[in-house]
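Assemble chain L onto chain P, guided by the hints.
Number of protein chains: 2
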Amino acid sequence: MGGIADVARAASVSKSTASRALTGAGYVSDETRARVRAAAEALGYVATTSAVSLVTGRTQTIGVVMPALDRWFFAQVLEGIQDALLERRYDLALYGAQPGSDARREMFEHFLARKRFDGLIAVGIEPSARELERLVSFGKPVVSVGGYDVGTNAVSIDDAAAARIATEHLLGLGHRSIAFLGGDPDGHRTSFGDAHRLEGYIDAMRDAGCAASIQQVRSAVTVPGGYGAAVELLGDRRTRPTALVGVCDEVAVGAIIAARRLGIRVPEGLSVVGIDDHAYAEMFSLTTLQQKPHQQGRAAVQLLMWQLDDPAAPTHRIYEASPLIVRNSTAAIDDDASAIVGVGR
Amino acid sequence: MGGIADVARAASVSKSTASRALTGAGYVSDETRARVRAAAEALGYVATTSAVSLVTGRTQTIGVVMPALDRWFFAQVLEGIQDALLERRYDLALYGAQPGSDARREMFEHFLARKRFDGLIAVGIEPSARELERLVSFGKPVVSVGGYDVGTNAVSIDDAAAARIATEHLLGLGHRSIAFLGGDPDGHRTSFGDAHRLEGYIDAMRDAGCAASIQQVRSAVTVPGGYGAAVELLGDRRTRPTALVGVCDEVAVGAIIAARRLGIRVPEGLSVVGIDDHAYAEMFSLTTLQQKPHQQGRAAVQLLMWQLDDPAAPTHRIYEASPLIVRNSTAAIDDDASAIVGVGR
Numbered sequence: 012m013g014g015i016a017d018v019a020r021a022a023s024v025s026k027s028t029a030s031r032a033l034t035g036a037g038y039v040s041d042e043t044r045a046r047v048r049a050a051a052e053a054l055g056y057v058a059t060t061s062a063v064s065l066v067t068g069r070t071q072t073i074g075v076v077m078p079a080l081d082r083w084f085f086a087q088v089l090e091g092i093q094d095a096l097l098e099r100r101y102d103l104a105l106y107g108a109q110p111g112s113d114a115r116r117e118m119f120e121h122f123l124a125r126k127r128f129d130g131l132i133a134v135g136i137e138p139s140a141r142e143l144e145r146l147v148s149f150g151k152p153v154v155s156v157g158g159y160d161v162g163t164n165a166v167s168i169d170d171a172a173a174a175r176i177a178t179e180h181l182l183g184l185g186h187r188s189i190a191f192l193g194g195d196p197d198g199h200r201t202s203f204g205d206a207h208r209l210e211g212y213i214d215a216m217r218d219a220g221c222a223a224s225i226q227q228v229r230s231a232v233t234v235p236g237g238y239g240a241a242v243e244l245l246g247d248r249r250t251r252p253t254a255l256v257g258v259c260d261e262v263a264v265g266a267i268i269a270a271r272r273l274g275i276r277v278p279e280g281l282s283v284v285g286i287d288d289h290a291y292a293e294m295f296s297l298t299t300l301q302q303k304p305h306q307q308g309r310a311a312v313q314l315l316m317w318q319l320d321d322p323a324a325p326t327h328r329i330y331e332a333s334p335l336i337v338r339n340s341t342a343a344i345d346d347d348a349s350a351i352v353g354v355g356r
Numbered sequence: 012m013g014g015i016a017d018v019a020r021a022a023s024v025s026k027s028t029a030s031r032a033l034t035g036a037g038y039v040s041d042e043t044r045a046r047v048r049a050a051a052e053a054l055g056y057v058a059t060t061s062a063v064s065l066v067t068g069r070t071q072t073i074g075v076v077m078p079a080l081d082r083w084f085f086a087q088v089l090e091g092i093q094d095a096l097l098e099r100r101y102d103l104a105l106y107g108a109q110p111g112s113d114a115r116r117e118m119f120e121h122f123l124a125r126k127r128f129d130g131l132i133a134v135g136i137e138p139s140a141r142e143l144e145r146l147v148s149f150g151k152p153v154v155s156v157g158g159y160d161v162g163t164n165a166v167s168i169d170d171a172a173a174a175r176i177a178t179e180h181l182l183g184l185g186h187r188s189i190a191f192l193g194g195d196p197d198g199h200r201t202s203f204g205d206a207h208r209l210e211g212y213i214d215a216m217r218d219a220g221c222a223a224s225i226q227q228v229r230s231a232v233t234v235p236g237g238y239g240a241a242v243e244l245l246g247d248r249r250t251r252p253t254a255l256v257g258v259c260d261e262v263a264v265g266a267i268i269a270a271r272r273l274g275i276r277v278p279e280g281l282s283v284v285g286i287d288d289h290a291y292a293e294m295f296s297l298t299t300l301q302q303k304p305h306q307q308g309r310a311a312v313q314l315l316m317w318q319l320d321d322p323a324a325p326t327h328r329i330y331e332a333s334p335l336i337v338r339n340s341t342a343a344i345d346d347d348a349s350a351i352v353g354v355g356r
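From first to last, the protein sequence lines are chains P and L.
Sequence positions in the first sequence follow the numbering used here and run 12 to 356.
Sequence positions in the second sequence follow the numbering used here and run 12 to 356.
Honestly, I wouldn't trust all of these hints.
Claimed, not checked - Under the rule of at most 30 Å between Cα atoms (straight-line distance), these lysine-lysine pairs were calculated in the DSS-like manner:
1) Lys151(L) x Lys126(L)
2) Lys126(L) x Lys26(L)
3) Lys126(L) x Lys26(P)
4) Lys126(P) x Lys303(L)
5) Lys151(L) x Lys126(P)
6) Lys126(P) x Lys26(L)
7) Lys151(P) x Lys126(P)
8) Lys151(L) x Lys26(L)
9) Lys151(P) x Lys26(P)
10) Lys126(L) x Lys151(P)
11) Lys151(P) x Lys303(P)
12) Lys303(L) x Lys151(L)
13) Lys126(P) x Lys26(P)
Said to hold, decoys possible - Pair ranges (Cβ atoms, derived):
14) Ser27(P) x Arg69(L): 27 to 33 Å
15) Pro334(P) x Arg116(L): 46 to 52 Å
16) Ala49(L) x Ala45(P): 49 to 55 Å
17) Gly274(P) x Gly162(L): 54 to 60 Å
18) Ala53(P) x Gly150(L): 47 to 53 Å
19) Ala223(L) x Asn339(P): 56 to 62 Å
20) Arg125(L) x Ala16(P): 48 to 54 Å
21) Asp214(L) x Gln226(P): 50 to 56 Å
Unchecked claim - Partial list, computed: chain L residues near chain P (C-beta under 10 Å):
22) Leu89
23) Arg100
24) Leu103
25) Asp113
26) Asp218
27) Cys221
28) Tyr291
29) Glu293
30) Thr326
31) Pro334
32) Ile336
33) Asn339
Bear in mind the hints are in silico, worked out from the structure with no lab data behind them.
In this text, a Cβ means the ideal position worked out from N, Cα and C, and glycines have one as well.
Just chain P, same shape as in the assembly:
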């Protein structure tokens, strides 16, 4: 097995460049990194942790904290972070932090203090005052994805704008009775972004003179959650809205499944729009605002590495674009048809 000097010689670069290329600490061009890695591989060279730490003063580990793993958004962000970290040969230390859980308390009280990572990516986290205090005393770079953005680097879509566009799409199709579906019953899992989406919906309704029709129906932010809430909401034809904005695609898909079960045709009897462009969106012909959380995860790593390399770098706030994808779950309201259905059944 060769040493770093052998690797540097084989790749025709300096030892420090070889070290940067192998550890991911500091800038190296893609071409150089590829060459150094090929040389290291040919020589069977593996940078040992202790040696790397001595050179860089880093743990070469990034902590990722998220409240849930079993939602599409979080899994996608995590994959994006993972991919970007692997390219830089950083380890990913994962911490679950469901609001109110022991695990979350452990995370903020114990694991942060242990400082076993160089920086932290917080996904969909809305920290309490106590938790914010802990984050500040952590004293290392923090990037927020789809969560709070008080003074940290942050990546997300513009949640309020996305929900506003979704609502305005329905308003433009003639709908006036539009409900907003989603938001956890006990408030525990409602994320920062979800609250902004509700605001965007409310603003659009107010601006269109539909303030009286504003209605939020709470539900767990999952497919079964949206399903359960929609069965209840849609069950009574007299109070049934003509359209729904789902807080995310999972809730919107749940509503479509509920509508089918109740014999309500989508989009003829009910228009549904979501936010996400989830893996299931196409299967349900769901009109939605598209986001790419995988890319958000990659962007978060980029921002974190930037700040690690240059602690004086300015704080960045990245808004990912979220274009409207019109599929077949939304349609212009047909007053005659709904009148006929009202009489006919």
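Structure of chain L alone, referenced to chain P:
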């Protein structure tokens, strides 16, 4: 901030017991651990990594490698592992390892060699010969969940038995034309467990004298994958089976969505059974074999810790029970009804 000696004194235990209680290395009763932790918290004591490593020779980190993060099974296992590790104050280092990916190659070639974890939990991994060689030379405890079990500790359901019971449930209802749905078209994402499930189905069909009806329809192991394959399979009434065994609930749910779209009633026109008891199973009234991957994740940590504490401990193979949950997606075949439908449409 107090030292370990202060913590030990406050909790009325020896320093080594206090250390074990705080690091999770070695046996301490739950009662003692709780007392020591309370004392440590009151004193603001946090074990630093380097100090812990000096005492125990451990990194206090467990590596977890899995091919996908966005499937229910993997997310659930990961949450179970996370919960159990947090209780022991171990860190979780996560590695994605989609078959054939650069990330997977990096994992086996680079991260394993770096040995930054005390043990590894491999979830749904079917290693190549080269990868197995790397795992062996890793030289630390490995536990497999829902994957291969060649000489390592392993946790899973009995996949072959689960698929056999699912198939026999349909055979018992009078079905003879039963297809098996699932298994990736390119073979990349077909896990070890999925292959065993296919075997269980084939064995049950053979034993029932239905060898001629054996039919595997490949699909990606996701809801949209099952949906797409089922649309094709069920589209032609002349060759349509009367029942389906899904390789997992996601595929089975996709088939139910496809059936609804094609106007085929479940269970009257098609019986569907899955394996998992996925979060969506109840919403679709899916008959399924229940497994609890969260518990499998916890059990994997238990086995790993056991082996860390006692390297001479025997290798264990845990089969989690997977009871049949009968809901409303399966029914006795009604020869008259199907004959009438055959004529009528």
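Consistency of the hints with the structure:
1. Lys151(L) x Lys126(L): 9 Å, holds
2. Lys126(L) x Lys26(L): Between Lys126(L) and Lys26(L) the Cα gap is close to 28 Å, so the pair holds against 30 Å.
3. Lys126(L) x Lys26(P): 23 Å, holds
4. Lys126(P) x Lys303(L): 33 Å, violated
5. Lys151(L) x Lys126(P): 25 Å, holds
6. Lys126(P) x Lys26(L): The given pair, whose Cα atoms are some 23 Å apart, holds under the 30 Å limit.
7. Lys151(P) x Lys126(P): 9 Å, holds
8. Lys151(L) x Lys26(L): The hint holds at about 28 Å.
9. Lys151(P) x Lys26(P): Judged against 30 Å, a Cα distance of about 28 Å means the pair holds.
10. Lys126(L) x Lys151(P): 25 Å, holds
11. Lys151(P) x Lys303(P): Cα-Cα ~27 Å, so holds.
12. Lys303(L) x Lys151(L): Answer holds: Lys303(L) to Lys151(L) is near 27 Å, not above 30 Å.
13. Lys126(P) x Lys26(P): 29 Å, holds
14. Ser27(P) x Arg69(L): 27 to 33 Å: 32 Å, holds
15. Pro334(P) x Arg116(L): 46 to 52 Å: Roughly 34 Å apart at Cβ, these two residues miss the hinted range, so it is violated.
16. Ala49(L) x Ala45(P): 49 to 55 Å: Check passed, 52 Å falls within 49 to 55 Å.
17. Gly274(P) x Gly162(L): 54 to 60 Å: 56 Å, holds
18. Ala53(P) x Gly150(L): 47 to 53 Å: 24 Å, violated
19. Ala223(L) x Asn339(P): 56 to 62 Å: 41 Å, violated
20. Arg125(L) x Ala16(P): 48 to 54 Å: 20 Å, violated
21. Asp214(L) x Gln226(P): 50 to 56 Å: Because 54 Å falls inside the window, the suggested range holds.
22. Leu89: 5 Å, holds
23. Arg100: 7 Å, holds
24. Leu103: 5 Å, holds
25. Asp113: 7 Å, holds
26. Asp218: Hint on Asp218(L): violated, closest Cβ of chain P at ~35 Å, above 10 Å.
27. Cys221: 31 Å, violated
28. Tyr291: 6 Å, holds
29. Glu293: 7 Å, holds
30. Thr326: Violated. Min distance 27 Å.
31. Pro334: This hint is violated: Pro334(L) lies away from chain P, its Cβ roughly 21 Å from the closest one there, beyond 10 Å.
32. Ile336: This hint is violated: Ile336(L) lies away from chain P, its Cβ roughly 16 Å from the closest one there, beyond 10 Å.
33. Asn339: 12 Å, violated
Hints 4, 15, 18, 19, 20, 26, 27, 30, 31, 32, 33 from the list above are not met by this structure, while the remaining hints are.
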